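Residue numbers (the working numbering), protein chains in the order written: chain A, 801 to 917; chain B, 39 to 149.
Please keep in mind that the hints were generated in silico from the structure rather than gathered at the bench.
Please read these numbers as outputs of a predicted model, since none were measured by experiment.
One or more of the hints may lead you astray.
Cross-link-like lysine to any residue pairs, in silico, SDA-like; alpha carbons within 25 Å at most [claimed, not checked]:
(1) B/93 <-> B/149
(2) A/849 <-> B/120
(3) A/849 <-> B/121
Where chain A lies over chain B, by a calculated footprint (3+ residues, C-beta under 8 Å) [claimed, not checked]:
(4) 59-67
(5) 98-110
Chain B is nowhere near these chain A residues, computed Cβ spacing over 12 Å in every case [what the hints assert, rightly or not]:
(6) 814
(7) 863
(8) 888
(9) 894
We put the beta carbon where it would ideally sit given N, CA and C, even for glycine.
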Amino acid sequence: AQSVTQLGSHVSVSEGALVLLRCNYSSSVPPYLFWYVQYPNQGLQLLLKYTSAATLVKGINGFEAEFKKSETSFHLTKPSAHMSDAAEYFCAVSDPGGGSTLGRLYFGRGTQLTVWP
Amino acid sequence: DVKVTQSSRYLVKRTGEKVFLECVQDMDHENMFWYRQDPGLGLRLIYFSYDVKMKEKGDIPEGYSVSREKKERFSLILESASTNQTSMYLCASSLGGDGYTFGSGTRLTVV
């Protein structure tokens, strides 16, 4: 089975500061990788995904993530935090399915991002 | 946009009741999933399904069952609700490599 480790269950930044949320995965084959965001009392929303194309992936709301195979990492960054970025963020790795079918996702435990004014 | 609709946002049930959580998706996705989410534990997979009438156990299936009679609908059943099943339940669907689309979640309280 795949596994995902998110370093830091809570991250706090000031508005305008760099956001860096860390994610490391274990996978025996090239994986698909995802970042999701969850606002309070809502479901998870896809931020961005890596599916073996460009290693630097741009997502919604100014977020991006870089796939580094040598480090088995997929860290999420945003140059300048905004108050509206406060939410919980989840990194996920896929179980490679056969053909074009995406297998189940394995999620990290999440990182709560707090943005101070 | 793909929509995954969960029938209830908030639900309060009594211990021992049989509880049905419904999930419907409108984009002909083959794969559907049920997770529960608890603080500090992240998302844990209960059951999933890759096709109609097909189901597979996830990591924590005990106390739960599922039904998928139609492609668009995936139901989670708590056979006899217990207080330790108080949680946020999330349904998701997927097709190919695009990742999951989640519903808004059902916050279940068992009293």
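Okay, the hints, checked on the actual structure:
| no. | hint | in the structure |
| --- | --- | --- |
| 1 | B/93 <-> B/149 | 29 Å, violated |
| 2 | A/849 <-> B/120 | 37 Å, violated |
| 3 | A/849 <-> B/121 | 36 Å, violated |
| 4 | 59-67 | violated (count 0) |
| 5 | 98-110 | violated (count 0) |
| 6 | 814 | 25 Å, holds |
| 7 | 863 | 15 Å, holds |
| 8 | 888 | 10 Å, violated |
| 9 | 894 | 8 Å, violated |
Going down the numbered hints, you'll see the structure goes against 1, 2, 3, 4, 5, 8 and 9, while the others check out.
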